[in-house]
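Undergrad: Sequence:
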Amino acid sequence: MKNLVARFAKDESGATAIEYGLIATLIGVAIIAGATTLGKQLNTTFTDISKELK
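So that you can map any letter, position 33 of the sequence shown is 33 in our numbering, and since no number is skipped, the others follow by simple counting.
Don't read these hints as lab results, they were simulated from the structure. There may be inaccurate statements among the hints.
Unchecked claim - Taking CB as the label site, the calculated pair distances span:
#, residue 1, residue 2, range
1, LEU42, ALA9, 33 to 41 Å
2, ILE18, LEU42, 47 to 55 Å
3, GLY21, LYS54, 43 to 51 Å
4, GLY28, ASP48, 36 to 44 Å
5, LEU42, LEU4, 56 to 64 Å
6, GLU12, GLU52, 57 to 65 Å
7, ALA9, THR45, 50 to 58 Å
8, ALA17, LYS54, 51 to 59 Å
9, TYR20, LEU53, 45 to 53 Å
10, LYS51, GLY21, 44 to 52 Å
11, LYS51, ALA30, 28 to 36 Å
12, THR44, ALA17, 37 to 45 Å
13, ARG7, GLY28, 30 to 38 Å
Quick caveat, the model's predicted, so the values are computed rather than measured. Built from N, CA and C at the ideal position, the CB exists for glycine as well.
Generate coordinates for the entire structure from the input sequences, incorporating the hints supplied.
TA: Shown next as C-alpha cells:
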C-alpha cells in the first residue's frame, strides 16, 4: 500500500495535462478577446463607409 501511495505522489503526468489545458484555455481566451475587438472595429468602419455611400 505504501508503494502505491508513493507512486501516486510522484506521478506528474496529470499535472502536465492540466498545465497544457490551462495554456490552451488562456490562448483561446486571448483569441476570443482579439476577435471581439477586431469585430467591433470592423463593424464601425463598415458602418461609417455605409453612411458615406448613402
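Undergrad: Now tell me if each hint is right for this structure.
TA: Evaluated hints:
At roughly 52 Å, the beta-carbon separation of LEU42 and ALA9 lies outside the given 33 to 41 Å, and the hint is violated. The given range of 47 to 55 Å is broken by ILE18 and LEU42, whose C-beta atoms sit roughly 36 Å from each other. Take GLY21 and LYS54: their Cβ atoms lie about 49 Å apart, and the range 43 to 51 Å holds. Checked against the given bound of 36 to 44 Å, the beta carbons of GLY28 and ASP48, roughly 31 Å apart, lie outside it.
For LEU42 and LEU4, the hinted distance range of 56 to 64 Å is satisfied, since their beta carbons lie about 57 Å from each other. Checked against the hint of 57 to 65 Å, the C-beta distance between GLU12 and GLU52 comes to roughly 60 Å, which is consistent with it. Restraint check, ALA9 to THR45: a C-beta distance of roughly 56 Å satisfies the suggested window 50 to 58 Å. With their beta carbons about 55 Å apart, ALA17 and LYS54 fall inside the hinted range of 51 to 59 Å.
Taking 45 to 53 Å as the suggested C-beta distance range, the pair TYR20 and LEU53 conforms, at roughly 48 Å. Here the CB-CB span from LYS51 to GLY21 is close to 45 Å, well matched to the stated 44 to 52 Å. About 32 Å separates the C-beta atoms of LYS51 and ALA30, a value consistent with the hinted range of 28 to 36 Å. Between THR44 and ALA17 the beta carbons are some 41 Å apart, a value that agrees with the proposed interval 37 to 45 Å.
The hinted range of 30 to 38 Å is satisfied by ARG7 and GLY28, whose Cβ atoms lie roughly 34 Å apart.
When each numbered hint is compared with the structure, violations occur for hints 1, 2 and 4.
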